[in-house]
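Participant: Whenever a hint applies, use it, and build me the whole structure from the sequences.
Each protein sequence line maps, in turn, to chains A and B. Taking my numbering, I'd label the letters of the first sequence as residues 504 to 823. Taking my numbering, I'd label the letters of the second sequence as residues 736 to 1110.
Certain hints may be false.
[Stated by the list, open to error] Derived pair list, reagent style SDA-like, types lysine to any residue, alpha-carbon separation capped at 20 Å: (1) B:782 to B:846; (2) B:1068 to A:665; (3) A:729 to B:1022; (4) B:1068 to B:1100; (5) B:829 to A:655; (6) B:829 to A:659; (7) B:829 to B:908; (8) B:1109 to B:737; (9) A:638 to A:688; (10) B:1068 to B:1079; (11) A:729 to A:778; (12) B:753 to B:1107; (13) A:729 to B:1023; (14) A:729 to B:1066; (15) A:729 to B:1059; (16) B:1109 to B:748; (17) B:829 to A:665; (18) B:829 to A:729; (19) A:729 to B:1065; (20) B:753 to B:851; (21) B:829 to B:851; (22) A:638 to A:507; (23) B:1068 to A:724; (24) B:1068 to A:656; (25) A:729 to B:1088.
Keep in mind that the hints were calculated from the coordinates and are not lab data. All values derive from a computational prediction rather than experimental measurement.
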Amino acid sequence: MTPRHRLHIVSGKGGTGKTTIAAALACALATTGRRVLLCEVEGRQGIAELFGASRLVDAEERRVCRTPSSGAVHALSIDAEAALLEYLETFYHLGLAAKALERFRVVDFATSIAPGLRDVLLTGKVYEAVRRGEKNHPNSYDAVVLDAPPTGRIAQFLNVHQAVAGLARVGPIRGQADSIMRMLRSTTTAVHLVTLLEDMPVTETEEAVAALRPTGISVETVIANKVIPTPLDEDQLQRAAMGTTLLRVRALNDQQNRLLTAEFADEAARTLQQRDRHRRLTSLGVPLAEIAFDAAGIDEAALFSIADQIRNQIPLEVGE
Amino acid sequence: MSSPFFDVDAIIADRQTKIMICCGAGGVGKTTTSAALALRAAEAGRKVVVLTIDPARRLAQSLGVGELDNTPRSVAGLEATNGGHLDAMMLDMKRTFDDVVIAHAPPEKAAAMLQNPFYEALSSSFSGTQEYMAMEKLGQLHHQAQADGSWDLIVVDTPPARSALDFLDAPEHLSDLLDGPFLRMLHAPARGPMKLMSRGFHLVSSVMTKVLGGQLLQDVQTFITAFDALFGGFRQRAAQTHALLSSSHTTFLVVATAQRDALREAAYFVDRLTEEQMPIAGLVINRVHASQLDVSAERALAIAEDLDPAMAVTEVEALRRHAHLERVIEQEKVQLERFSSTRPDVPRTLVATLAGDVTDLDALRRVGVLLADKD
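Facilitator: Right, dumping it as C-alpha cells:
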C-alpha cells in the first residue's frame, strides 16, 4: 500500500474547523512508520496551538505528534520572505545580495506589490517539500498536508499561473510557477474543502468548486464537519419540527415534557435545514465525507477519532 | 467569575459615540452583528451608515446593497425611526483606491498610474489593501458626516483578516512600503545620482533582473515614477486614520463565538487594542447555546436508555439531542469563564444561537434585541 496522493490541500471557510481537519488528515496519513509534513501558510500558529506545541518559527520542521500507529506528524509554518531568501540561495547562491535585499526591504515590497508572487513562494515551498519525497532526498516525507487559505481565496491562491501571468511572461519565476501548476493539476495532489452544514459555508464551498474548475485543479472531497447524525426520517423530523405533538417521557413531568418538545422542535428544524445543505453538497458531484460533532472539544483523542473517520471515508491509499 | 454586562443600548444612545468598529476572527458573525447594531441604532433615532465588507448575498439583499457599490444607499423598511435612518454600503476596494489616486495625483500621472500593471495588482489583490481601503473609506465617511451631517454614527464591519488586526496595521504597512527605502531607491535614479545608494541599488537591481526579468523591473520603475505624486501622502493618511481610531468618538466591539479559537483571537484583539489605547466598548459572543430544560446530560441519556427505542424513537432522539446540547453549553461555559477570568474588566453580551439564517430586517431586529438584552 502506498499513499494515493503526495500532497493534500485543505481549505474551508473560517470557523469550519479547517485546521483541525488538516491536522487529523495528517494523522490519518501517518500510519506505520510514515512521516507526514503538515504546513500552514498564514502565520496563524494554528497547528502549534492545536498540538499544544510552542510556536513554529524560522522554517523549522518539527515533530508535533506521534500517531497510535507509530507514524509521525511534523509541522512547518511557511513564511514568504524566508521562502524567497531560501529560493534565491538555492538557485543563485546569493550572499551579500540577500543582505542588500533585506536592507531595502525588497522582499516585503515585492511580495506586497505583487501578491501573486507571495502565493508562488508559499506554494513553491510546499512543492519543494513534496519533491523531496519523490526524489528521495534527505528529510523527505511520505505525504504533505497543507492547511491552505480559506475557501474565499483558495482558487486565487492555487492558480499560480494566473498570479504570475501578468508579471512574468518568461524567466525563472515563470518556470517555477509552471512546475508548481503541473504538480497541483496532477493526480498526486488532492484538494479537500471543509464546510459546515450551514448556509454561508456551503455557499462558499459551491463557489470554490466553481472557481477551481477552470484552473484544472480538481476537488477530491468535500468534508462536512461537525455533523450530528440522526436516526429519524424526513417525516418524523417534519412532525417534530412543528412541535405540536407533545413528547411523553414518563421520567419527566409535564412542564419538562413541554420544554423538551419545544427544544427538539428547534433541533429538528435545524436538522431539516442541514439535510437541504447536505443535498446541495451532494449535487456538486464531488465525494462527500462527514465528520461527527464532538461536543467535548478537540484534544488529541478527538483528533485521532476524526483521523479514523477520515480513513474510513476517504481512500488515502492505493492497493497492493 | 462573571464579566460586567455590555450595554449595547447605552453605547447607541450616547451621542458622543460616532464610530463603532466590529472586529473579530472570520466566521463569528461580524457582518450580522454590524448590520443588526446599525439597524437598532437607526430605529433608536440615530442617523447611521453601515460599511460592510463582503456580506453574505442574502443579507446584502435584505439591506438593499445587493450589488458591489461604493456609495451608501438608503435601507427601506425601517420601523419607528424617531428621526433616524439607515444607509448601507459595501466596500469596493479598487474603486476606493482609484479615488485616492485621482484625488491626489495630477491628472496625467493619475492616468498613467491607473493603467500600470503593478497598480492593478496592488489595488485589487494586495492582502492589506482591503483593510487599508476600509479605513480610507471610514475616513471619507467621517469627513462627509462632519461636513454635511448626513450621519451621526458610522458602523464598520472589518474585513476577514489574515491576522487579527490587519486593519490596524495595514495602513502603516502600506505607507511604509510606498514611502519606504526600496521605492525611494528605485525612484532616485530618475531624480539624479545618489552615490550612497547606488552600489546597493545595482546589486539589488541585478538580482531582481536575474530573478524576475528586466521587463518587470521597468514596469516597477514606471509605476514608481507615476506614484511619486503620492509619496508622503500615505504616511500622513495612515497617521490620520490612527488618530481617528483612537479618538474618544470611536469605540470597538470585539465579536467572537464561545469557541476556543474565536476567543483566543478575541483575547488577542482586546490586548492589542488596550496596548494601542483604543477604546473597547465590549465583547459580543454570538451563537451561544442555552436550554430551559433543567435536566443534565447524564440524566437525559439515562432516561433515554430506559425507553424502548422502537416505541419511542422521537423521545429517545430528543433526549439524546438534549444531552448533546447540555454538553455544548457546558463546554461554552468553560471557554467563557476562562476568558473572563483572564480579562475580567471587558464587558460582555451574549447572543443566543438562532434557529435559522439571518436574511431579512426582521431577523436582524431579533439579533438586535438579543444583543441589547441583559443575558
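Participant: Each hint needs a verdict: does it hold in this structure or not?
Facilitator: We went through each hint and held it up to the structure:
no., hint, result
1, B:782 to B:846, "37 Å, violated"
2, B:1068 to A:665, "46 Å, violated"
3, A:729 to B:1022, "15 Å, holds"
4, B:1068 to B:1100, "26 Å, violated"
5, B:829 to A:655, "18 Å, holds"
6, B:829 to A:659, "17 Å, holds"
7, B:829 to B:908, "18 Å, holds"
8, B:1109 to B:737, "13 Å, holds"
9, A:638 to A:688, "19 Å, holds"
10, B:1068 to B:1079, "15 Å, holds"
11, A:729 to A:778, "13 Å, holds"
12, B:753 to B:1107, "18 Å, holds"
13, A:729 to B:1023, "16 Å, holds"
14, A:729 to B:1066, "15 Å, holds"
15, A:729 to B:1059, "12 Å, holds"
16, B:1109 to B:748, "16 Å, holds"
17, B:829 to A:665, "19 Å, holds"
18, B:829 to A:729, "37 Å, violated"
19, A:729 to B:1065, "17 Å, holds"
20, B:753 to B:851, "38 Å, violated"
21, B:829 to B:851, "14 Å, holds"
22, A:638 to A:507, "17 Å, holds"
23, B:1068 to A:724, "34 Å, violated"
24, B:1068 to A:656, "33 Å, violated"
25, A:729 to B:1088, "16 Å, holds"
The structure does not agree with the numbered hints 1, 2, 4, 18, 20, 23, 24 stated previously, though it agrees with the rest.
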